[in-house]
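**Student:** Listed below, chain by chain, are the residues.
There are 2 protein chains.
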Amino acid sequence: MRLLEERILRDGKVRAGGILKVDAFLNHQMDVELFGELAKAWHEAYKDDNVTKILTIEASGIGLACIAAQEFGCPVLFAKKTKTKNIDGQVYTTRVASYTHGYVYDVIVAKDYLLPTDRVLLIDDFLANGAALEGLCDLVHQAGATLVGAGIAVEKCFQPGGRRLREQGLRIESLARIASMSDDSLVFEN
Amino acid sequence: MRLLEERILRDGKVRAGGILKVDAFLNHQMDVELFGELAKAWHEAYKDDNVTKILTIEASGIGLACIAAQEFGCPVLFAKKTKTKNIDGQVYTTRVASYTHGYVYDVIVAKDYLLPTDRVLLIDDFLANGAALEGLCDLVHQAGATLVGAGIAVEKCFQPGGRRLREQGLRIESLARIASMSDDSLVFEN
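Protein sequence lines, in the order shown, are assigned to chains A and B. Mapping to my numbering: the first sequence position 150 is 150, numbers consecutive. Mapping to my numbering: the second sequence position 66 is 66, numbers consecutive.
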């Protein structure tokens, strides 16, 4: 998506270790007008899939998910990161390893809000190693819901997550796909 | 606001210890159509205040803040909870004590995105003891920005936060104001 690519080139910052900072408009300060355009693109891709729920993970996916949900006319459910054990059986739990932060955390959703009848679209800001997105897929499978696909703002195609998840059959619509990145260049895939 | 009060009565659940669970529509599953109505009410209250930025705190304020920002035509900034020390001076930091969870955490925003020229509206889902909202006020003051006021979805008026912050001069527009709450009753203030 041209608009997002241009914004990344203008306001994104490449940091050592393959880090792309987009906190000017995507995941700290949030440009909701831009979010509206991303939402329209995801809706265009998935408008015939009868999406009944958008699932994301806290925190930076929530804004995108809410704006997208307006297009689809459905509610959002956000998975919560927690250290609390699932003691009462009222939540689905999965384990996510954060490569960026170097730790593992549990992610939960209440069973009441993810139903076998749901047709779920996953929304997140980034796809790199795919750990978070894989965790969300697992929650959908546990609920016996239908996984429609994923809408991602920025995919780092030089990291393995997107490829692995597509090979597992997940449909992924990434709006900016970064082929390579270094201190002085950033190349998008066509 | 009648619509929100009715929704709380219909889908909210009162738990022991003064806990009101509204995770069916406000802070786990999120009804973005309802959020649109809350956003309109906050915009009606603050439409003449030239709001340039909406500040909230992760995670459950983010969805409300993004939908509200569409009404105001401004970006959102969300304060991040962190254990990372402010080592490089590029963030404003404040300390928030969570009564609910019984611990203290640091909250940060990047200095780049909160400017002395900003006119800031705070948005959050709950106001009870006021610790989170007070932390957001402190960040705005540190930045030398103008604090326009706060938009809150649910205020527990029987807890001291709202009164204390109003006495300090903060304008607060709460859309559902709970006067008292017990296992079998929930009373709103007029």
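No wet-lab data here; the hints were simulated from the structure. Given the structure is predicted, the values throughout are model-derived calculations rather than measurements. There could be a bad hint or two in this list.
[Claimed, not checked] Derived coverage of chain A by chain B (criterion: at least 3 residues anywhere in the stretch with Cβ under 8 angstroms from a Cβ of chain B; other residues may be distant):
1. 8-18
2. 29-40
3. 110-124
All residues carry an ideal CB built from backbone N, CA and C; glycine is no exception.
**Student:** Please go over all the hints and tell whether each is borne out by the structure.
**Tutor:** Hint-by-hint comparison with the structure:
| no. | hint | verdict |
| --- | --- | --- |
| 1 | 8-18 | violated (count 0) |
| 2 | 29-40 | holds (count 7) |
| 3 | 110-124 | holds (count 3) |
The earlier numbered hint that this structure contradicts is number 1, and it is the only one.
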